[in-house]
Each structure stands twice: as structure tokens, then as C-alpha cells.
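Q: The task is simple: from the sequences and hints, build the whole structure.
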Amino acid sequence: MAAPLVLVVLAAVTVRAALYRSSLAVFIAERVEVASPLNAWKRVVEGLALLDLGVSPYSGAIFHETPLIIYLFHFLIEYAELVFMITDVLTAIALYLAIQDFNKVVFKKQKLLIELDKYAPDVAELIQTPMEMHYIPLKVALFYLLNPYTVMSCVAKSTCAINNSVIAFFILATIKGSAFLSAVFLALATYQSLYPLTLFAPALLYLLQRQFIPIKLKSKSFWLYTMQYASLYLCSLVVIICLSFFLLNSWDFIPSVYGFILSVPDLTPNIGLFWYFFAEMFEHFSLFFVCVFQINVFFYTIPLAIKLKEHPVFFMFVQLAIISIFKSYPTVGDVALYMAFLPVWSHLYRFLRNIFMLSCVLIFCSFLFPVLWHLWIYAGSANSNFYYAITLTFNIGQILLISDYFYAFLRREYYLTHGLHLTRQDGTEAMLVLK
Amino acid sequence: FQDQAEQFFRSGHTNNWAVLVCTSRFWFNYRHVANTLSVYRSVKRLGIPDSHIVLMLADDMACNPRNPKPATVFSHKNMELNVYGDDVEVDYRSYEVTVENFLRVLTGRIPPSTPRSKRLLSDDRSNILIYMTGHGGNGFLKFQDSEEITNVELADAFEQMWQKRRYNELLFIIDTCQGASMYERFYSPNIMALASSQVGEDSLSHQPDLGIGVHLMDRYTFYVLEFLEEIHPASQTNMNDLFQVCPKSLCVSTPGHRTDLFQRDPQNVLITDFFGSVRKVEITAETVSLDRGVAGFESKLPEEELATEPLKYAEQLPVAQIIHQKPKQKDWHPPGGFILGLWALIIMVFFKTYGIKHMKHVF
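Heads up: the protein sequence lines correspond to chains D and U, in order.
Sequence positions in the first sequence follow my numbering and run 1 to 435.
Sequence positions in the second sequence follow my numbering and run 1001 to 1363.
Think of the hints as simulated: they come from the structure by calculation, not from any bench.
Hints may contain errors.
As the list claims (entries may be wrong) - Calculated lysine-lysine pairs in the DSS-like style (CA-CA distance at most 27 Å, straight line):
id: 1; chain 1: D; residue 1: Lys139; chain 2: D; residue 2: Lys176
id: 2; chain 1: D; residue 1: Lys176; chain 2: U; residue 2: Lys1352
id: 3; chain 1: D; residue 1: Lys216; chain 2: D; residue 2: Lys111
id: 4; chain 1: D; residue 1: Lys104; chain 2: U; residue 2: Lys1118
id: 5; chain 1: D; residue 1: Lys309; chain 2: D; residue 2: Lys118
id: 6; chain 1: D; residue 1: Lys139; chain 2: D; residue 2: Lys104
A: Given below as C-alpha cells:
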């Protein structure tokens, strides 16, 4: 499996290198869908230049990266393109290894459940075979590396790629079962952009499952393990934040990074839902609505944890998607990360109801973004409502995609335990709906 | 003789200036332009030349397309008095009347390209009359329906004038709603202020003219104009009479005045000290020979100190040196403690994950 992966990696690197040398690089780097105020490369360069002039980069609202990024790019700024290409490759390799291990786990669990006779007798066609699962890791790496969103994000040198790679390593560490490494990478991901905090729940659920600790609220071992993992996570987060203090000897980065993410002062249009709403809002309501929107990101964790506690990796996928839809400054790089997981659930294809419509919506919206931006900003014959309409449609498409996969997943699980041909009490055929 | 000598030394001014500002535009604010032009007419009639008057009108009423009598601005109904005439010189017109320009005129901070007619070239022996009219409120005066000047700004501008010795005495007259609020904040010496209404009162306009279709003047300025029409360059009328102009029965609003910053008693201040340009002429009988001290005067200055050519403005600043200086590049390096801490943490994580036993393989 290594050879095809190497081929894919080479192809991806070639595409990126070609784009770096072309004139499209400047155009893509300026696109608001790819570069947000949080992760634009221009701002990293500006921040480092300010540092060279002896001014703290966090003075003024230009630079919103964490001190570790400052440290990383202080030495690597001349090789920035290489760094981003290597980051993408590392992400793809991490996802590849993670999904490989995950497939083994899935297969083992499936075997166990078949032997324990937990499955209904007529569900043979729903069981995943090793043959079809063989190519999934390669497909995941392919999906991530050759996704136009990822390529654009890499060419724009947006630090979203670094965040993606940290999350990919976190997923790899979780699936391999190392609680310590998973806590460290999760702390790094949370440290960079606040939202991966919600990935704590699926990681915890997965690690508990792996240790065969039952998830009951009364069980002592459950709480013990949870406390251990939580303390590992919090300690590493505290250590990283304290270390960042020593880079510039000031706590300036906390309001600049976390205050900026949470209070959303910059209303540059992006593919998210925050900007238009807050541009239209009166001052004295804005605090309330900022709180509502931010709670919306974190809100789905507990209900999903309750529903999906047997399937933590799917939970992680849904959670990643929710983060990238509802976060305050989303970019297409975030979208690319969860889309890389879609091949893992390719066996759900027969249960997806709207996949054609949704893929059309997503593709059309992606093409319409630059068109309506041009019409609004350059031609002047449209206004922000047009661009916001496309943003809304894109996000609706994403939300429907996730809920479609959610429905398909739950439906398959139901069929597995209750049999493919469902009958009602009076013998007629029944239909499953997601209520 | 004593009286005459006292009279001579009563006011320390040698020249008079007037800054007359109308801040409103649009046809229905005809009366504000008429107000300003009435004061302009009186001031010119009493002797202040156009070169010493800065007239700022925010709109052109005489040539306004809605004016049924073009090239005229009337100040009394039945079109008795045309205050526009043939020799009106407007220095700041239309959109040039802004808060910024007004403050620049007062303080003298004007770009070098401004023509003389747009400058207030007063010195420390100048008496200045400042008349402002328009729409105002508590603490502000509206310019051009788009910006405002506050009483604090005005007070600070007058302080700048005082510190730069740009006036000897200043008379500030304002005819707007709540005009008294505009002089509340003055703190520089030698300022006397009059306003057409107190805080909380509106200044009302006089009669409308049915032929022109708008109100022609405001009440306060109307009665001030009537009062000024009686004044001639030799009158001895003093400020106390001006304070009596337009009582509440005629004006509906209560005019106010402020004299606490003024050194002299208003009783001794002549109207013509501000509204006219009465020069003090001293007639002497003895002859003074001027060529005696001239030669000695010249030899006082040594030859080297005399500049042979005038210094250009730019040469006073070493711009050439500043431009060609290379900016000092201070390279920032992350502190050693941080690098040490970070790499220690990374190594700790590495060994915790892969076990201490690998250490001996690494080393």
C-alpha cells in the first residue's frame, strides 16, 4: 500500500508546486473563502515583520496567530511553500495510518458481533468485507490531497493546513490508543483554534471503548479514566499556554487569539454564517447573539455523544463537520478536512437520500462564490445579499450532507440489528425515518 | 484735555478685523445669509475695509435659482434694504465654509497657498469682531448641515489666538438657537460675548416676506441692524446700549452677554471699537528728523549674519538626510528560555510515548 500512497503524494506535490509557480497563486491567496483573518498568510508575514521592527505583533488587529506559529515561521519563513506542502503530506499520511487502524478495529468489532449473533440473519449484504475496505485509507489520503479545497488552501499558504495536520495527528494518536499523545495533540489543536475542544468527547469515548471501560455514569473506572484524560489534556494546554507567554513575555496573545475567535470583531465576508448577521445587527444585541452563535458550535456535543456513544469515530467526523460549518471564521481548508473522511463511510452510499442534489449544491456554490464576489465588489451590480445567499446555500448543503450521512449511518445500524426487511406489526413493509 | 487723553488710551487697539460667518445652506435659510450680510454692511459702512473682513457665506442666495429678485438679498420686508449690493466680497463661499476652514482662519494655521483675502492677518493690537449665525443647539453650531463646531473647540481656538497674540480684544456675537451655550466655555482674556438666546430657548426669525417666500432675517440681528444703522464713525455709544438691544418683548428669546473675561468696563467700550475702524490719529506739532539714527542702525549688524538669500522652507528641515537614512533592522530572536522549554517538552513527549528504554538506542 505504500507505493500507491507515494504516487498520490507525488501527484499532490506536483500539483501544488505547479500552482505555486503560476499566476493563480496570488489570486487564490487573496480569496476570502480560502484566507480568513485568522489564518491568512499575509498576516503572518505582517506579524513577523512587526516583530522585526520591535513591536509586538498583537498590537493592532492584524495578527491572530499563536506564539508557536510565530516561533515556527520565524525560522521557516523562506521555505514557507515547502512547509505547507510537507504539512499537507503529513496530514494525508496521518489520516492514511489512522484509517488503516480504524478499519482493523471496525473489522474486529464486526467479527465479534457476528460471532455473538448480534446481527439479524438477512444483513449479509450490509457487512463490510476486507476487500472493499482495503483501498479506503488510500482513498482518504487521495481525497484529502487532491481535493481542490485543500490545494487552494495550500497554495494560499493558509495556516489552516497546520491546524488540519494537528487534528489529523490527534486522530491518529486516538485511534492508535495512546491517551497521552492524543491529549497533547488535542491541546495543540485547541490552543491554535478554540473549537477542537469539542473533539474531546469523541476521543474520550473512543479511548474508553478501547480500554473496554463501559460508559456508565455510575462506573468508577469510567470517571477515573475520564479524569486522567481530562487532566492530561488540561495540563498540556496550560503548559503550552504558559510556554507561549515566554516567547514574547506578555499575555497579549490571549485576547488577540481567543478573544478574537470568540468575540468575532472582524466582519470580512467568508463562507461562514457570522459576518452578515453581525454586520446588520445593532450594537446592544451583538453580545447576546455572539454568545448564541458560539454556543451553537459546542451545543451538539452532548446529544451526539449520547446517541453515538458506540461509534465514536463517526461522532468525531460529525463533530469536525459541525466545527467547520459553525466556527466563527471558516475556510474551505476546514471543509476539506472532514470531506477527507467521506470514503470511510462509502458503504453508506445506498442509504444516502440526497447525495446527488447535495453534491451539485456544493459544487455549484463553490463556483458561484468567486462569481458573486466579483459582481458585488468589482462590478457593483450585486450587493452583499447575493454573496450571503451563496454562503447560506453552501452551509445548508454542508449541513444536509452531514445529516444525510448521520441518517444513513443510523439506518444501517438499525438494519444490522433488526434485519433488512422491516415489517410492521400487520406484515406490511415499514420505512425508517429520522425523527 | 484729560478726558481726551483718557479717551485716547481707552482702547489699546490699532486695527480692526471682522470674521462674519453664515453656516447654513439651502434656500429656506435665506435669513442667515441676510443676517451676515447686514452685519457686513454695517461693519463696512463704519470703516472696516474688505481686506480686513473675512466673510464666509455657506450658500449663495442672491443668485439662487429660487430667488425671485436675483442679485439681491433683502433684510427687511417690503424689500427696503438690499444688503447685497455691488461691492460684496465673499471670501469663503459655499462648501468652503467648513469647521476646519473656520478654525484655520481664526488660528492662522493656513496653508501657504491661501490668498490674502482668506486670511485673518490680525496682530496683538487688533480688535476682532466675530459674528456667527446659523442653526445651533446646546453647545454646538451646525455647519452646512453635515458637521458641527462645539463650544469647547471654539474656546480652544480663541485660546490659541490669545497665546499667538492674534487679538487685543474680541467681540463674539452669535445668533442661533441656544446661542448662550456657545460662549459658556470661553476662558481666554479680553473676550466679550453676546448671544441671541439662552440655553433652552430658540431664536426666532422676524417676518416672512410674501414676495420672496422665506423669512428675511432673525429677530435679534434685525434689531441689532436697526441699532447699528444709528451708529456713525464718531458715535460714542457704548456696549451697554448694545446689551439692551432686543429685549424679551421684541425678541421672544432672552439675549445674553458675557463680560467677565473682558478687562475694561463695558460702559467704556465704544461700539466703534469693534464695528468700526476708527484709527487713532495723534497730531503733533514738533518735527522729528529721521535720518540721524539710520546709519548707526545699519552698522550694528555684522556682515556675516546677514543672510544673502532667503532660506527656503524645506531647507530648514534636514529632509535629505532623513530620506537617505537606511532603516535600522532589528532582527527579533525568540528568547532562549522559550526554545529550551519547547524542545524539552517535545523530547519529554517523545520519550513518554516511546518509552525510556529507547534512550540508550538513541544515544
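Q: Against each hint, give a clear statement of whether it holds in the structure.
A: For each hint, the structure was consulted:
1. Lys139/D - Lys176/D: 20 Å, holds
2. Lys176/D - Lys1352/U: 15 Å, holds
3. Lys216/D - Lys111/D: Cα-Cα ~24 Å, so holds.
4. Lys104/D - Lys1118/U: Distance of about 88 Å is beyond 27 Å: violated.
5. Lys309/D - Lys118/D: 17 Å, holds
6. Lys139/D - Lys104/D: 16 Å, holds
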